[in-house]
Amino acid sequence: MKLLFERSKTDRAMNLIPPCEVECVSFDDSLLRKEPLRLPEISETDLSRHYKELAKQTHGVNDGFYPLGSCTMKYNPKIDEEIASLSGFTGIHPLQPEESVQGALEVLYETKQLLDEITGMDDMTFQPAAGAHGEYTGLLLIRKYHQSRNDTERVNIIVPDSAHGTNPASAVMAGFKVINVPSNPQGGVDLDELRKAVGPDTAGLMLTNPNTLGLFDPNILEITKIIHEAGGLCYYDGANLNAIMGRVRPGDMGFDCVHLNLHKTFGTPHGGGGPGSGPVGCKAFLKDFLPSPIVMKKEDGTYFFKTPEKTMGQVRSFYGNFLVVVKALTYIKSLGREGIIEASSNAVLNANYLMNRLKEYYDLPYDEICMHEFVLSLEKLKHETGVSAMDIAKGSLDYGIHPPTMYFPLIVHEALMFEPTETESRETLDEAAEIFIKLRKMADEDPEYLHQAPHNCMIGRPDEVTAARKPVLRYSFENE
Amino acid sequence: MSGYVVNTPSEQKEMLQTMGMESLDDLYVSVPEEARLKELHIPEGKSEFEVSRDMQSKADKNMVYKHIFRGAGAYNHYIHAIVKSITSKEEFLTAYTPYQAEISQGVLQSIFEYQTQMCELTGLDVSNASVYDGAVAAAEAIFMVQERKRSDVLIADTINPQIRTVIETYCESRNVNLITVKSNQLSMNLDDLKEKLNDTVAGVLVQSPNFYGIIEDVPAISALAHEHKAKVIMHTNPIALAVLKNARECNADICVAEGQPLGLPLGYGGPYLGIMTATKDMMRKLPGRIVGETTDHNGNRAYVLTLQAREQHIRREKASSNICSNEALCAMTASVYCAAVGPKGLKQVACNSASNAHYLASELKKIEGFELVSDKEFFNEFLMTCPVNPNTLIKKLSLRGILGGLPVGDNILWCCTEMNTKQEMDQLVNTIKEVL
Numbered sequence: 027m028k029l030l031f032e033r034s035k036t037d038r039a040m041n042l043i044p045p046c047e048v049e050c051v052s053f054d055d056s057l058l059r060k061e062p063l064r065l066p067e068i069s070e071t072d073l074s075r076h077y078k079e080l081a082k083q084t085h086g087v088n089d090g091f092y093p094l095g096s097c098t099m100k101y102n103p104k105i106d107e108e109i110a111s112l113s114g115f116t117g118i119h120p121l122q123p124e125e126s127v128q129g130a131l132e133v134l135y136e137t138k139q140l141l142d143e144i145t146g147m148d149d150m151t152f153q154p155a156a157g158a159h160g161e162y163t164g165l166l167l168i169r170k171y172h173q174s175r176n177d178t179e180r181v182n183i184i185v186p187d188s189a190h191g192t193n194p195a196s197a198v199m200a201g202f203k204v205i206n207v208p209s210n211p212q213g214g215v216d217l218d219e220l221r222k223a224v225g226p227d228t229a230g231l232m233l234t235n236p237n238t239l240g241l242f243d244p245n246i247l248e249i250t251k252i253i254h255e256a257g258g259l260c261y262y263d264g265a266n267l268n269a270i271m272g273r274v275r276p277g278d279m280g281f282d283c284v285h286l287n288l289h290k291t292f293g294t295p296h297g298g299g300g301p302g303s304g305p306v307g308c309k310a311f312l313k314d315f316l317p318s319p320i321v322m323k324k325e326d327g328t329y330f331f332k333t334p335e336k337t338m339g340q341v342r343s344f345y346g347n348f349l350v351v352v353k354a355l356t357y358i359k360s361l362g363r364e365g366i367i368e369a370s371s372n373a374v375l376n377a378n379y380l381m382n383r384l385k386e387y388y389d390l391p392y393d394e395i396c397m398h399e400f401v402l403s404l405e406k407l408k409h410e411t412g413v414s415a416m417d418i419a420k421g422s423l424d425y426g427i428h429p430p431t432m433y434f435p436l437i438v439h440e441a442l443m444f445e446p447t448e449t450e451s452r453e454t455l456d457e458a459a460e461i462f463i464k465l466r467k468m469a470d471e472d473p474e475y476l477h478q479a480p481h482n483c484m485i486g487r488p489d490e491v492t493a494a495r496k497p498v499l500r501y502s503f504e505n506e
Numbered sequence: 011m012s013g014y015v016v017n018t019p020s021e022q023k024e025m026l027q028t029m030g031m032e033s034l035d036d037l038y039v040s041v042p043e044e045a046r047l048k049e050l051h052i053p054e055g056k057s058e059f060e061v062s063r064d065m066q067s068k069a070d071k072n073m074v075y076k077h078i079f080r081g082a083g084a085y086n087h088y089i090h091a092i093v094k095s096i097t098s099k100e101e102f103l104t105a106y107t108p109y110q111a112e113i114s115q116g117v118l119q120s121i122f123e124y125q126t127q128m129c130e131l132t133g134l135d136v137s138n139a140s141v142y143d144g145a146v147a148a149a150e151a152i153f154m155v156q157e158r159k160r161s162d163v164l165i166a167d168t169i170n171p172q173i174r175t176v177i178e179t180y181c182e183s184r185n186v187n188l189i190t191v192k193s194n195q196l197s198m199n200l201d202d203l204k205e206k207l208n209d210t211v212a213g214v215l216v217q218s219p220n221f222y223g224i225i226e227d228v229p230a231i232s233a234l235a236h237e238h239k240a241k242v243i244m245h246t247n248p249i250a251l252a253v254l255k256n257a258r259e260c261n262a263d264i265c266v267a268e269g270q271p272l273g274l275p276l277g278y279g280g281p282y283l284g285i286m287t288a289t290k291d292m293m294r295k296l297p298g299r300i301v302g303e304t305t306d307h308n309g310n311r312a313y314v315l316t317l318q319a320r321e322q323h324i325r326r327e328k329a330s331s332n333i334c335s336n337e338a339l340c341a342m343t344a345s346v347y348c349a350a351v352g353p354k355g356l357k358q359v360a361c362n363s364a365s366n367a368h369y370l371a372s373e374l375k376k377i378e379g380f381e382l383v384s385d386k387e388f389f390n391e392f393l394m395t396c397p398v399n400p401n402t403l404i405k406k407l408s409l410r411g412i413l414g415g416l417p418v419g420d421n422i423l424w425c426c427t428e429m430n431t432k433q434e435m436d437q438l439v440n441t442i443k444e445v446l
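Chains F and G, in that order, are what the protein sequence lines are. Those letters in the first sequence? Residues 27 to 506, by our numbering. Those letters in the second sequence? Residues 11 to 446, by our numbering.
Simulated from the structure, these hints should not be mistaken for lab results. One or more hints might be untrue.
[Stated by the list, open to error] Pulled from the structure, derived: some chain F residues nowhere near chain G, Cβ distances all over 12 Å:
#1 E67
#2 E79
#3 N176
#4 E255
#5 K359
#6 D389
#7 E394
#8 K408
#9 I461
#10 D470
#11 Y475
#12 R495
[What the hints assert, rightly or not] If you want the footprint, here are the derived chain F segments under chain G, 3+ residues with CB under 8 Å:
#13 95-105
#14 132-142
#15 258-268
#16 319-326
#17 487-493
[Claimed, not checked] Residues on chain F that point at chain G, a partial pick, calculated with CB under 7 Å:
#18 T192
#19 A195
#20 R363
#21 F503
Treat the numbers as computed from the prediction; the structure is a model and nothing was measured. Idealized CB from N, CA, C, for every residue including glycine.
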């Protein structure tokens with residue numbers, strides 16, 4: 027399909043801006059741009075059709091089942107979008123006086139109250155724009171805490187080998203050294219190895235629970251105790267909170283700070299890669315280190331911003347992805363107390379149901395009750411038939427399913443990780459199960475067909491090796 | 011009770027029974043008893059009608075100014091109807107990061123188009139698919155230039171103070187030594203720059219137009235920096251690049267910008283867009299997603315996420331950045347905006363914004379006590395003295411429905427865009443005369 031630039035014709039522009047009413051400024055020639063500006067020149071009809079075509083080549087949550095593990099691809103309610111489009115939210119300048127944005131501050135304050143209760147934390151910042159950004163912010167909290175106590179020997183962050191890739195990357199960005207600890211045969215943290223790993227150099231632990239295998243670590247209280255006794259703090263990666271919200275709280279498991287992914291757990295859309303929102307909550311003893319500013323409420327019911335006493339500074343400009351927070355608040359208000367529990371319980375129910383439908387046909391390395399997601403291993407299948415996790419994933423594309431997460435977590439070979447979410451019906455799960463069972467049979471009967479899959483998509487498998495070796499990262503104009 | 015759960019309680023029960031379970035509680039056996047939550051203390055769920063009314067009342071409590079003369083990092087530009095119409099399409103809105111290229115060509119191609127447009131605007135060779143905002147882009151750019159033997163980074167004191175704070179927060183844990191270059195007449199003092207440049211300097215960060223709206227002499231800064239093999243990071247306003255020298259013409263190595271002016275609403279500060287482009291030799295140091303063109307096995311043109319060996323999901327603790335989710339839909343917004351206005355339209359936006367600012371400055375100058383703090387050339391923002399307490403003046407303007415400039419000490423930082431009509435500016439000046 028053509029690129030925007032290939033549809034461009036000189037002077038075929040839209041009439042959008044009136045001519046200047048005042049004398050046109052003339053800058054000194056030495057300041058002026060001389061290079062041509064080759065943005066597309068395009069009619070509104072063509073622009074509209076261009077993106078319609080692109081939309082047809084994009085699979086969103088509303089285009090079919092999307093069991094992408096660790097990403098919580100639940101339905102994104104329409105009301106949330108409508109509310110976030112109100113001019114009372116979109117039209118306000120971030121540097122308006124506080125008294126003129128009381129509604130916006132109320133949004134931040136109420137969301138903070140609700141999420142503090144859901145996570146068992148005492149205060150929260152909305153500045154982080156995504157999950158990894160939240161991780162980074164949480165780790166800076168830990169860093170600031172140890173610094174404030176002159177406990178500067180604490181340089182290690184412990185990360186289980188099943189962790190999301192962002193965990194070790196965030197720890198390094200925050201100036202820590204990463205200590206990996208292996209998992210035990212049940213898929214949880216190996217307590218003996220953890221005890222060996224901690225010491226006076228332990229700054230903290232990063233953990234997601236349920237972990238990336240979709241299992242709730244039953245030793246969680248012991249794990250956080252080991253870290254605390256060694257003088258470290260516990261950081262909760264909230265990527266998997268959808269399994270447990272309303273059932274058990276990070277704060278009650280012994281975690282000191284937590285990030286949430288509003289774009290996973292709280293129903294805001296992912297936008298093809300963002301914007302998300304990664305608020306960070308913490309226990310009271312850490313709140314003075316939070317990024318500035320934090321929203322507060324006066325006794326007279328008005329809201330104001332405050333700079334925390336020993337603030338780390340700022341991790342982004344202004345107050346984070348505010349309009350995403352508006353959507354999340356709308357979502358939480360809609361669900362409420364019972365709805366939150368209903369959502370998490372059904373996310374777990376749907377995952378277990380699908381897992382049980384598939385486990386006769388695929389290897390399930392950890393055969394126990396899962397949380398919101400589960401991981402299959404196709405190692406044996408690959409050995410026997412040559413059909414890999416990638417082949418099965420690509421095969422599912424031909425049936426209108428977005429594939430599960432592939433090759434993650436790293437501790438399971440040929441992994442496929444399914445997360446159906448609570449917004450899918452039993453029929454959808456049954457249909458998906460039938461499709462994956464069919465693909466399993468195909469692996470025996472016609473492996474070559476699967477090696478070549480997908481067959482019915484806009485493109486076949488792309489050549490990623492050439493893409494990386496000879497990078498073409500922009501369109502080249504012919505006259506170059 | 012609301013929620014978006016599909017299965018009815020009786021269906022849920024049947025599903026549980028297929029697994030030999032009775033209740034949803036049975037799914038949580040691995041959670042230790044003592045950690046379980048007894049009761050969640052949040053209000054009951056509400057109907058869509060009630061929630062809508064509640065949220066609308068919050069929106070109504072915010073004052074949406076009709077007349078905005080404030081920028082300082084967030085700019086009130088016109089957003090064409092087609093922009094919102096395209097970016098609210100469900101497919102773009104609800105998709106995840108395009109890991110599965112075969113069913114994500116739409117998102118991937120749009121990012122490729124965005125990357126091309128950002129390269130065209132800035133004049134540099136490669137662009138990533140976005141970072142969180144302009145301030146984070148500046149911080150990430152500093153890490154791109156950092157080298158083992160070069161830990162100093164020079165930073166102009168004319169940069170937006172919020173960007174400065176974000177950079178300081180990011181650098182505290184990364185062994186970057188930030189050194190401030192002084193200013194003269196609200197632009198970088200080149201003598202001070204010369205004095206501070208040496209072979210331990212990894213890079214120089216300058217914003218142009220800077221916080222005060224002044225156009226910095228980036229070509230001269232680059233020439234000095236490059237003598238010491240230090241890289242130059244130029245932070246800019248993408249609208250300005252339509253008429254002012256771009257990063258290549260300024261000989262900068264990295265260009266970063268806040269992309270909000272390209273079609274994103276003020277939105278009380280976010281979501282915004284961090285633009286990052288660089289020269290080709292820095293390609294593999296760029297953080298975040300990058301889309302590349304390739305072919306599928308039938309030779310069809312295809313787009314994929316590429317150069318992933320830099321990224322956290324492959325490299326873990328050795329990644330160039332931890333970024334995973336970015337601002338993809340905001341990047342698409344910027345791309346649609348640029349296509350909708352086209353090259354001439356973008357120049358018109360830039361020209362109108364700057365011309366309006368110059369008109370307003372000349373009109374304000376006619377009032378006693380209002381003088382430009384610097385006589386250097388500015389783009390669409392300018393710092394002016396104020397004969398009274400600036401906060402008092404701004405409050406009075408607010409009562410007349412005008413969001414005045416941003417008080418900065420005893421001065422006011424004014425901003426115009428194409429949204430400010432001549433009548434509106436004259437009205438502002440008259441109002442000031444009245445309330446002084």
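Structure-based check of each hint:
no., hint, in the structure
1, E67, "violated (5 Å)"
2, E79, "violated (8 Å)"
3, N176, "holds (16 Å)"
4, E255, "holds (18 Å)"
5, K359, "violated (5 Å)"
6, D389, "holds (19 Å)"
7, E394, "violated (8 Å)"
8, K408, "holds (19 Å)"
9, I461, "holds (15 Å)"
10, D470, "holds (24 Å)"
11, Y475, "holds (14 Å)"
12, R495, "violated (10 Å)"
13, 95-105, "holds (count 7)"
14, 132-142, "holds (count 3)"
15, 258-268, "violated (count 0)"
16, 319-326, "violated (count 0)"
17, 487-493, "holds (count 6)"
18, T192, "holds (5 Å)"
19, A195, "holds (4 Å)"
20, R363, "holds (5 Å)"
21, F503, "violated (9 Å)"
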